[in-house]
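Those protein sequence lines, which keep their order, are chains F, U, V and X.
Taking the numbering used here, the leading residue of the first sequence gets 1, the next gets one more, and so forth.
Taking the numbering used here, the leading residue of the second sequence gets 1, the next gets one more, and so forth.
Taking the numbering used here, the leading residue of the third sequence gets 1, the next gets one more, and so forth.
Taking the numbering used here, the leading residue of the fourth sequence gets 1, the next gets one more, and so forth.
In case anyone wonders, no lab produced these hints; they're calculated from the structure.
Keep in mind it's a predicted model, so treat the numbers as computed, not measured.
For lysine to any residue, the following SDA-like pairs were computed, each having C-alpha atoms within a straight-line distance of at most 25 Å:
no., chain 1, residue 1, chain 2, residue 2
1, X, Lys287, F, Glu281
2, F, Lys222, X, Glu372
3, U, Lys287, V, Lys287
4, F, Lys222, X, Ile175
5, V, Lys341, V, Asn313
Read off the chains here:
Number of protein chains: 4
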Amino acid sequence: MQRKKLRYGMVGGDLNAFIGGVHRAAISFEGKAFLVAGCFNPDQSANRECGEFYQLADDRIYADYKEMAEKESKREDKLDFVTIVTPNFLHYQVAKEFLSKGINVVCEKPLCFELEEAKELEALAKEKGLLFCVTYGYSGFPMVKLAKKLVKDGVIGDIINVNAEYLQEWLIDDIGAGDISTNKLSVWRKDPKVAGISNCVGDIGTHIKHTVSYITGLKLKKIAAKLDYFGQPLDLNANILVELENGASGVFCSSQVCVGHANGLVARIFGTKGAIEWVQEDPNYLKVTLKGQPPQIYNRGMGYVTGRASELNRIPSGHPEGLYEAFANIYKTYINALLKKINGEELSENDLDFPTVSEGAEGVKFIHAVIESNKKQSAWVNL
Amino acid sequence: MQRKKLRYGMVGGDLNAFIGGVHRAAISFEGKAFLVAGCFNPDQSANRECGEFYQLADDRIYADYKEMAEKESKREDKLDFVTIVTPNFLHYQVAKEFLSKGINVVCEKPLCFELEEAKELEALAKEKGLLFCVTYGYSGFPMVKLAKKLVKDGVIGDIINVNAEYLQEWLIDDIGAGDISTNKLSVWRKDPKVAGISNCVGDIGTHIKHTVSYITGLKLKKIAAKLDYFGQPLDLNANILVELENGASGVFCSSQVCVGHANGLVARIFGTKGAIEWVQEDPNYLKVTLKGQPPQIYNRGMGYVTGRASELNRIPSGHPEGLYEAFANIYKTYINALLKKINGEELSENDLDFPTVSEGAEGVKFIHAVIESNKKQSAWVNL
Amino acid sequence: MQRKKLRYGMVGGDLNAFIGGVHRAAISFEGKAFLVAGCFNPDQSANRECGEFYQLADDRIYADYKEMAEKESKREDKLDFVTIVTPNFLHYQVAKEFLSKGINVVCEKPLCFELEEAKELEALAKEKGLLFCVTYGYSGFPMVKLAKKLVKDGVIGDIINVNAEYLQEWLIDDIGAGDISTNKLSVWRKDPKVAGISNCVGDIGTHIKHTVSYITGLKLKKIAAKLDYFGQPLDLNANILVELENGASGVFCSSQVCVGHANGLVARIFGTKGAIEWVQEDPNYLKVTLKGQPPQIYNRGMGYVTGRASELNRIPSGHPEGLYEAFANIYKTYINALLKKINGEELSENDLDFPTVSEGAEGVKFIHAVIESNKKQSAWVNL
Amino acid sequence: MQRKKLRYGMVGGDLNAFIGGVHRAAISFEGKAFLVAGCFNPDQSANRECGEFYQLADDRIYADYKEMAEKESKREDKLDFVTIVTPNFLHYQVAKEFLSKGINVVCEKPLCFELEEAKELEALAKEKGLLFCVTYGYSGFPMVKLAKKLVKDGVIGDIINVNAEYLQEWLIDDIGAGDISTNKLSVWRKDPKVAGISNCVGDIGTHIKHTVSYITGLKLKKIAAKLDYFGQPLDLNANILVELENGASGVFCSSQVCVGHANGLVARIFGTKGAIEWVQEDPNYLKVTLKGQPPQIYNRGMGYVTGRASELNRIPSGHPEGLYEAFANIYKTYINALLKKINGEELSENDLDFPTVSEGAEGVKFIHAVIESNKKQSAWVNL
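Chain F with its partners taken away, still in its complex shape:
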């Protein structure tokens, strides 16, 4: 019998967490997967409160994620996938645990801290034949899909230069702050034990890297980076020269101390025949310029927007879709792929158009290269 719906569990993301709620709402858009189990918080009161709100069976509100992986893997009505939305430093161990038990995984980025860990997870998913998604949410926006399609179709020719940035302002008060405990909001992002070796590049710089690679279909060949710490243990500002695998040059600028920018992810891709520009804060549009012609402002949902961008369009053009819908698109793709897989259908390339564990591993590699280059006086470091 064909499965039409999936069961999922969640690790992390109690009722007060931000990103957990985004994931749950995103999954609910299609009504094709239901939350049945969870281990939302080491604090058992918060954990139970969340489980009860979602009306989970009592024995599926787990105090411990290992227990959850173990017990769920043995149920007949076990989880089809688990979503991991814990703090960064737990991603690796939680993902590994569920993969080991044969459960498909969706994990927030960064995938993990060490490249070896990333490789291990990648290998484990492959060995077990599981679908592993790393939620680079911005790649779920339809106009990012369109950008990828235009590049692939050769519309802008060969890529010769990229200029991408992710600028925020929310940690500006950390400059000159005496120690990492002064800013409660950001302390866990600045503590290497919790956040890993990088703050700014790890948290948002990786999104630049992913977005550019996703759109262009090109990996990074090498980078040369200069980071600014402003007296803090982890980086707050990064300016990075890059070279893509095809020899194209570019810069990535990532910052959490640029006043005037809330969440300014911008990707500008320049080719021999044209250019495209996508701005996350205005995500329903894509600026496309062909050589010798006026810039064109493509609008999500119009008839001239085709391919994946069209398939994933939800509401008529001019009615804005936002971040929730982008996440919902990633889950829609992942869940449909998983349904097909479970039902024994073959998966096409389009079916698998969600960010994978390999892309997560690429992100980890990028972070390490940037840190290394900065230590070596901005020398080029290969990826």
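Chain F is already provided as a structure; the job is to place chains U, V and X on it using the hints.
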């Protein structure tokens, strides 16, 4: 015992319908109301398919909305509210049926065709003590809430002029089209039997009216309108002079034949001390200018955004929220109000900050005045 | 012998005047006309100071414009044209004087106060065979020329709707001001003796009318207007329904009390095949949308910009041209036409592409119709 | 006797030249300096045609710039200054010649090719007590002046990061072009003998450098650059990491092959208390964001715009000023300073607010550092 969750039903909105899906996704954001019954389509195959997809109990997939109102009203676990997303011409009769049976109602706009019907529904809801929401979805955007607050707080002084528009292009091919059957997409909007006495003003012009009245807190005193039909039975283009109840002048422009505009609802409100501008296609921002100062671009989610706009904020500033989230805000408010009411709590003005049946009736009145003015050579018609 | 350069005189516009300086700088761009005579100010000290600064011959700094017209008309090296930049109420009499003496005229707008005066000037120029330019400066912008060309070439099809506005904020403090003498800056604009029967519509509303008629090639058939005076003797705010001679509808909004708008002339022209939008505050661009295609942002100076817009382009694309250059374009055209005429060459339609006395007369007619309609409860008034 | 007007000459810039015309028009804005001598083109027919058009005395149309410097220096009514608008490779020798003869110099950028030459010119001007202006035209825009003032006044705190770019598209066809002769338009920019050691960085990258240094008041400490040549003899694309003298980081991106960008000079300056952004293609505005507040869009000419930006404002806010006016501002400042100097008045810092020979020398140093860094695998090179 305190109720924490609600049960709802839906009339209209099968799996292929656009707006029904938006309503269901919007409701699911908070996880506080569950679909338990429905009458989604007169076509019983489509009706059952939808009910089954949402795993409704067999006896709660109704073939007829009257039967649904009747039977649900007698269940112990009956609907807390019904959402009506049928074609326009059915709104009145369906809403009346459910109100009569004591069930709270959420209804798509336009509320109904005739002012008498609107008054009847308004009275019925009052008599039965029911909460009736008309989903003017755009008023759910946080920055519209902020605009309302700024006006109320006197930040822009007394309102002296308003300039608002709602421009679309999607019916451009109807110009010169031989008869209403040529454009399958829009035929039901152009047929007076189905769409009512107005197409363009009824469908989108009412949103201009609602948005301006909502932000300014001012009703319309009178209007003078010129409509264009381009050979079709219903209007496709409208230019309207308005006067608000405080004597402020303005214009409303509503069109479905303005190429280059997908869904261009824009409200510009001018006061003696300042001005505000909100653009639906870029809804996370509000342009606020105080006399003698540079324009400021307020950004959803920032610390300086307070009041309802802050309460309804979902994700950090710079992460775009779109139409789904605006609808979700309306449902969040409505559902919380209903929960409070059911649980015997008192409702504050903020609790009731969702578009009501009275606002729906105002919309109907506006449509009739516009049609009348156009027939009278754009003479002023009082509302 | 071929003339290569022209001699001009000026009435009004001493060293402290704003618009006089713009005219002189605009004329100097091409180096084809030189100031040789003037009557800059009734105050003789200011008058002489200005004449001396420009190194005029002593006997060509005139105390009286009548004397100037008389004496200049008799010189062998007489003026080829005079530029009139006096306060509005003097335009008619000064223009008439110079025309009578056979001297070509460039006059600031509004041409005059009464339609009969306008007709008289028009007839006089025709009778004398003189070139008469009324400086509607905005029509000198290359992208306005391109807009006109695109409409003429049928690119956007038949015009069906226009939406144009000219919003300023600089008289906001006049609202509630006790009498017209409180605001020194604007007093002469609010005094009917000096400014004529209208302030806001006369000063800026006429630019909307001219811009729309220039771009579309269509005259106004009728208008229905509502004006706001806010207790002042002349209008400060105007909302106007319009119908063009081809039956297209539209609105013109003109205001000097809209906070947040410095000099917001915007023309949006909608046709059956496309639409164009031009924004004076960002004048080097033209937004052009063809039905079913993404909006395109045409950029002045690019290869795809042809016709008059290309001929009048001065510097490479991306280097902004502003109001001075727009005025310079009008003078360039006028001076070249006058040179051709003087040299006995034939004048093409393009040669005469500057705003004429007939367009000035149209503007006067428009002002009167608006005032009349407002007095008649916004009844339609034919032009 | 007080001098009120100046005499100037020009080397280069015949009637067909682009930038020469801009300089002449810019000078004519104020009417305070008159062209009296020139050596416009080695082609004597073009040379005479230009001189005659400007009605120069026959003996002041020079065939040779050395002769011009020599003869003019001996006249009683000699040049007060000369403007040099020749191809780049001639700047040094022409400037040297006129300085040697005691004539003040205005020179297009780049000042020269070699740092030693720059130092020599700087020393010579100092020794002779002459005013030497290098026309970095963009620094004449009022809003650039305002940016500088805001930084100086501490409004945005300490500078911590800069992100600036100058993107053009006009040489895109050079990519893959067989040799430098294929594109007539750009051949002289790609020939090292004529253009110097750099094309893209020399022509436009230096404007980034100058704009950032001018606004921040900070010199560059070091740079790390990656250039792209795409098979051509000189660079077409540059991505550069920078460090300012106060330790702030940043990137400069300069390109002539970025489709979609006509003349995209953009400077974004980030400080500990705020940020400013200026966009050359929209030069009448300045985006200013203070920490924790909404971005503000400052508009040229408004009351809140003070200092030099206000002094140099020409026309009311909302009437766009462009590149000509920016150049005119530089000349206005230079000419007024020269008049004061000639008249024996003291010069304030504001009087000398035009780009100097020292700034020209800084530009030459920057170009050499960038070329060196690129050769050394993007190693940091000190300035």
